[in-house]
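A.B. asks: Just so you know, the protein sequences line up as chains A and B, in that order.
Quick note on numbering that gives the first Met the number 0: the first sequence kicks off at 0 and runs consecutively.
Quick note on numbering that gives the first Met the number 0: the second sequence kicks off at 0 and runs consecutively.
Source of the hints: derived by calculation from the structure; they are not laboratory data.
A short, non-exhaustive set of chain B residues, derived as facing chain A with CB atoms under 7 Å: (1) Leu-41; (2) Ser-254; (3) Thr-291.
These figures come from a predicted structure and were not determined experimentally.
Quick reminder that beta carbons are idealized off the backbone N, C-alpha and C, glycines included.
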Amino acid sequence: MTAEAPMTLTLPAAGARPPSAPPAERAAPGRTRHGLGRNRARAGILLSLPALVLVLFVLIVPIGEAIYYSMTNWNGLTAQWVGPSTYTTLFKDPVFWRVLENNGILLLAVPVALGVPLGIAALLHEHVWLWKLFRSLIFLPTAVSWVVIGMIAVRLFAPGGTVNYLLGLFGLARFQTDFLGHEYTAILAVALTFVWSMIGTNTIIFLTGMSTVDPAIYEAARLDGAGRWAAFRRITVPMLKRYFQFTFVITMITAFTALFSLIFIMTGGGPGYGTTTLEFFVYQQAFDVGQFGTGAMLGVVLFVLLFGVSLVQLRLLREDR
Amino acid sequence: MTATMFKARASRPATGRRGGGRVRTVWREARRDPAKVVIFLLLLAASAGMLYPFFFMIVNSLRSENQYLNGSGFSTVSWSQLFANLPVGRELLNSALVCVVAIVLILALASAAGYAFAKLRFKRQGLLFFAIIGSMMVPLQSIIIPVYVNFAHLHLINSYLGAILVYAGFGTPFATFLMTTFFRGLPDEITEAAACDGLGHAGCFRRVALPMAKPALATVAVLQFIQIWDDLLVGLLFLQEPGNRTITVGLGVLSSGRVVSVPVLMAGSLVSALPAVLVYLFFQRYLVSGLTLGVNR
Chain A
0 MTAEAPMTLT
10 LPAAGARPPS
20 APPAERAAPG
30 RTRHGLGRNR
40 ARAGILLSLP
50 ALVLVLFVLI
60 VPIGEAIYYS
70 MTNWNGLTAQ
80 WVGPSTYTTL
90 FKDPVFWRVL
100 ENNGILLLAV
110 PVALGVPLGI
120 AALLHEHVWL
130 WKLFRSLIFL
140 PTAVSWVVIG
150 MIAVRLFAPG
160 GTVNYLLGLF
170 GLARFQTDFL
180 GHEYTAILAV
190 ALTFVWSMIG
200 TNTIIFLTGM
210 STVDPAIYEA
220 ARLDGAGRWA
230 AFRRITVPML
240 KRYFQFTFVI
250 TMITAFTALF
260 SLIFIMTGGG
270 PGYGTTTLEF
280 FVYQQAFDVG
290 QFGTGAMLGV
300 VLFVLLFGVS
310 LVQLRLLRED
320 R
Chain B
0 MTATMFKARA
10 SRPATGRRGG
20 GRVRTVWREA
30 RRDPAKVVIF
40 LLLLAASAGM
50 LYPFFFMIVN
60 SLRSENQYLN
70 GSGFSTVSWS
80 QLFANLPVGR
90 ELLNSALVCV
100 VAIVLILALA
110 SAAGYAFAKL
120 RFKRQGLLFF
130 AIIGSMMVPL
140 QSIIIPVYVN
150 FAHLHLINSY
160 LGAILVYAGF
170 GTPFATFLMT
180 TFFRGLPDEI
190 TEAAACDGLG
200 HAGCFRRVAL
210 PMAKPALATV
220 AVLQFIQIWD
230 DLLVGLLFLQ
240 EPGNRTITVG
250 LGVLSSGRVV
260 SVPVLMAGSL
270 VSALPAVLVY
280 LFFQRYLVSG
290 LTLGVNR
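Could you put the whole structure together from the sequences, leaning on the hints where they help?
C.D. replies: Rendered as structure tokens:
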């Protein structure tokens, strides 16, 4: 499940360093040895070409095709050119905005998906008895597929399920409901399951960040009379700035591109469009409705959306330095 | 001070000494700093929250459908139903096949390209690097429709090769990024010396650099294994026939049918989750290093 994040995980990093700057700098002295230089060039092309061919075949050419077909009325077999007006038609469609609203709701869950792991990481960082065992247990769901998680979540959010039972136990019986049966409670259930699934990954990332902070700083703060809470607020949180940005990006990318299986299993996008997010809408339009052109267009919108966020993220990182 | 002392003690490997001494140390620690007890209990609660779904899955797989509805009693009938009615063995085999071939392909392509970008120089190197690494930005949903149609023309739907190519293609950019980063950390002296010693650049990559890259290769392999094993979307579209479905797809299709008994689904979930969990348990270290790699770049 959350392992789907790693794929896209270095998104912020992708453009962060100018590609291949180091080899170019090394170029000058090596050029004197002509034979080796030519061999090196040939070996370089030979070694990098297979990867390039595969990436061209599966990613680069298809994204170009997606952009082209997004402006046609493609049904998978035939396509007639319509032009950019397909986009304006889409932006006038209320269903599209209903779907984006679901993405917005998931976006609201992202701070929770960072806050809870931050707290858990801070607790783990105290290195109490058995903390390594706790760390492993909390990280464990990272290995489990969204399909399995979704399948269990369906039962937990069902009318007689654990969530309703707990609500009753804490005197919140009036909130008991068939969570997956109503639009807004269904997206809430999906969002909660998503937050739960991100806990492992984000906790580990924050914990790694905390382990890079020099213990001497905490020691100095303690000698100055700072308690645990003060140390957490004044030292840990500011020191983790880069880790916040990183977890924010991977969590958002997960929310927007990795929840297909979860939604497929939990709700199938419903009730109504209650849990249809942009990525799920892509699948629905293409493979349920047969509107390949609309599906391709939604995929392009998703790509542009994420690309935009990544650029903003990069800009923020630059300012930081 | 307390924290650091405690850390040293806690991380010392358990020796053959009587367990009482260790527990007593923990107890003394707790008395000196009562907050630790609270933290311990909070972590216990958090772990319970993370483990509850697994507990739910295991307990309910050991019930018949009636027992599940009543919430009491145990039997193994759902397990026998699972293996009797579903091609679990075949699906596990399909998953393993697709995973292994795709991972080998990713490792081969990404390590070669990573070496070329880190240690060699050639025309248009920057452009090629940008093309491959930049493709990390493309979400699967944005390309899945054109890829599906292209592969349909090439008769790659419902063939293992089609699914393998999609997984490998989608995994290669990040893997290449990771391998490039690794090889950049390798001193030039090592590779230059080998190249001059007559191995040539390709030979140097294969004989010298690749054996040194084992930790990075392991990281890529573990990340990709969990990614591919757990995937639904690609499998759903590219492996549609019951005979070549992966376990995750088999389970996903099953659950959307809504007629199957919950305990059977739970047993199936357990079977599908187990391999990835085992990989996680044995190679946790590599998974963590892969996850946190992007932060400092």
